[in-house]
Amino acid sequence: MFDLSATLQLIVSGLAMGAIYALVALGFILIYNAVGVVNFAQGDFVMFPSFIAVSFILPSVIVFGSVMHWQLPIIAVYLLVLILMAGFGLLFNRIAYYPLRDRGWLPVVISTIGVSIFLRNLAQIVWGSQPIVFPSPFALQTLSAGGLHLRTQDLLILGVSALLIAFQFVLFERTTLGKQMRATAQDRATAQLLGIRVDRIVAITFIYSVLLGAIAGLLVSPIFTVTKEMGGLISLKAFAASIVGGFGSIPGAIIGGLLIGVVENLGGYYISSDYKDAIAFVILIGVLLLRPSGLFGERVSEKA
Amino acid sequence: MATPILELRGLVKSFGGVKAVSGLDMTVNEGEIHALIGPNGSGKTTTLNVISGLYRANEGSVRFRGDEISQLPPHTIAQRGITRTFQNIRLFARLTVLDNVLIGRHTQLRTNFWMALAPNPITTAEEDASRRRAHELLAFVGLADRAHVRASSLAYGDQRRLEIARALAADPALLLLDEPAAGMNPTETDALVKLLYDVRDRGVTLLLIEHDMNLVMSISDRITVLNFGTHIAEGAAAEVSQNPDVITAYLGGPLDADFAPTR
Amino acid sequence: MNRRATLVALLALACACIPFVLHSQYMLQVTDTALIYAIVVIGLGILLGFAGQMSLAQAAFFGIGAYSSAIASTTLGLSPWISIPFGVLVSVAIGAGVGYPALRLSGHYLALATIGFGIIVQLVFINARGLTNGPDGINSIPPPHLGTLALDTYQTYFYVAYGALLLSIYIAWRVKHSRIGRAFEAIRENEIAAQAMGINVTHYKVLAFVLASGFGGLAGGVIAHMTRFISPDSYSFDQSVIFLVMLVIGGSATITGAVTGAILLTFLPEFLRPLKDSYIMVYGAAVVVMVIFMPEGIVGLVRRLIPTYQTPPAAPMRATSNVADSA
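Protein chains in written order, with the working numbering: chain F, 1161 to 1464; chain E, 460 to 722; chain W, 69 to 395.
Each hint should be verified, as a subset may be incorrect.
Okay, the calculated bits of chain F under chain W, using three or more residues with CB under 8 Å as the criterion [to be verified]:
#: 1; region: 1233 to 1245
#: 2; region: 1250 to 1260
#: 3; region: 1265 to 1276
#: 4; region: 1393 to 1405
#: 5; region: 1446 to 1455
By construction, these hints were calculated from the structure, which means they are not laboratory data. These numbers come from a predicted model, not from an experiment. Just so you know, even glycine gets a beta-carbon here, dropped at the ideal spot from N, CA and C.
Modelling step: build the complete structure from the supplied sequences, incorporating the hints.
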């Protein structure tokens, strides 16, 4: 039953999907570390930019029921999407988070849920309910090496993700902005006392998070097809990944995502394809029962 | 003859590699007011947390009225008759003053889920009795007029009193108080002293952690002094305050004539 | 208190007349659905509103109740009056089984565990074809009968749903005003202090979870015999989210809030229908607006405007994460 080349291919594509989970999980963690709240709309920040991108890449697209021809060069499209999503991140921060910032986590969670509902249905209104196929220069290609057929898109995902993570490392460790972001995430009050403009940093964190989601969306849409539901399961699995890795830990989110991607791929092939989606959550529940702090999380306890 | 109500023998509690309590022996006698003092970091709150079950001891024994309680969970220890207050006040903030005390009565009531579903004489009787007792306790601590106010809206000193009332609602034999006078001005502290005497007169043994030396010296029957997680002295207030080890622990060195303790 | 009780009784009586006043089949269906959702939300209200424990699995228990009662009615041929309680029993049993391990967690961890559980349950509904008939769902679920009268119209079924809701309100109210309810609230407010006062926190958390699962299961059984067709789509994570939103918008700490939120948010899409396709969008935006401007939900807002109904002044909902007071 064990097929080496199939297994290797599954591992590679699993790593690629896992990298997507990792990027989305990173977005979650950054917002959580900064403001203590889980963003339930994170998955829709994967979905919405995909729709926008598709509208400008395809020669024709149906918008509000009529056919539009807005085709632009791909690089321009990606840039456009990133700029738009950055603006969107700012708006999201200002409208859905800022008025609720002192109210504890539950209201903010509800607010992000409201945003998620809003975005999904906005997407449906604008682009209709038909799934759209996202063309990518690499979408259908495979690279063959020594009997292995690897999807080029998977390799692209891995490459871009690695670059992003390296970029983030440099940002956080070597730049002032990065240090300010980390300081704000660790201890907001002290950061404020040190002169850091906390609200601004939080807004920047939101924008960065949304951009991570956008990039994940741009990378994964060729594999998935673009629908308004695409963000849902991805974000839940990413959330699970961040817990598996240790909630609050950045390396944890990455490892957790990769782990889930690979295990669910292998499990889907060798165990059961019907229950493939359950695998991430079975892992999650196992981790929660055995070691809730995850792989890299800190043991948290309350002082009396 | 003094009967011990609480006995700690060889208690050890570590966190990771750090021994917060390392081999502590302590005896608290029934009916007394017993103070636990020591410099910051000496393990006082940790000891209280172990006694009340919040932390599990790594080694050693805690005997309450002769029974070993060191491995019991906090709620069982409360049921056995030990309740407490907290260094950082832990009230049920959004509930009323009265509800806070009523919750303190939890261990004294028997209604379970099924009994709660239908009106029945046992439940009605015990709820009425509870309410009366709660009002009585509020009057005892001087909060009778604020029974229906939200607990978080009370002044600081009143919140501490509420915590005491709540802890008393469980009819404890031993009451643990973690820095009950913290943040109080002299007037409030005097009122607290009177309250603590009243509590003792009701038959409750008191074990308190305190930094206010005036309060400790005036109110305590016996004192245990901690340093580095173990006791360096235990006995009546007068003899403990003369103990050279105690003085060293607090002041860092033998007394110089020019540097008499200011407290 | 007596004046209040009389008002409530009058209100209950007035509501019982609804099927005689409302003639649109469609509106009756929405009404019946709203009543059933209210049962689910009351259950969530006990768990989250009273005891402060987060769960995003209410839809799973809703589904477990629906499926087990539907299977009992169809495959086993039992009368709905028996299979609906059977559905409750199954929900409660699974709730207890899941609750014990899950409730050792708190805050986001608990939320995630319940999400995971819910997703797994829905996948089982979809894939366990032998039991649940898979994506095709179960149809031909028989309606309950009163003697020879089949309760198969939205008008007659109203009373089934209404009766179940009244029962749920009664149970929730009794719990809230008992030692049990106080213990729940103590746990919500300060878990460590609750323990120190002798409350077996794990026991009570599991009890709250079991109650929530029971209410969810009851609602599921009731809706299955109304729609007489069920499929896995209705029991998704998204549906659990909707129940949560209903509770928070209505006002999480009270039974009135739970019922209000469920009814309002079931009817709201209907009022927005004239907006055609954009109505869900407006719904989403409305949720954001409501949570910003009504911190204690609708009930909290009403209480602030009508001084006689103020119990202790309520502060904005600060659900503390009992894991650590970070951020």
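Against the structure, the hints:
1. Only when three residues or more bring their CB closer than 8 Å to a CB of chain W does the claim for the region 1233 to 1245 of chain F stand; here the count is 0, and the claim is violated.
2. For the region 1250 to 1260 of chain F, the stated coverage by chain W holds: 4 residues have a C-beta nearer than 8 Å to a C-beta of that chain, and at least 3 were required.
3. As drawn, the region 1265 to 1276 of chain F meets chain W at 9 residues by the rule of a beta-carbon pair under 8 Å; at three or more, the given contact holds.
4. For the region 1393 to 1405 of chain F, the stated coverage by chain W is satisfied: 4 residues place a CB nearer than 8 Å to a CB of that chain, which reaches the threshold of 3.
5. Counting residues of the region 1446 to 1455 of chain F whose CB lies closer than 8 Å to any CB of chain W gives 3, which reaches the minimum of 3, so the coverage claim holds.
Hint 1 alone, counting from the list given before, is not met by this structure.
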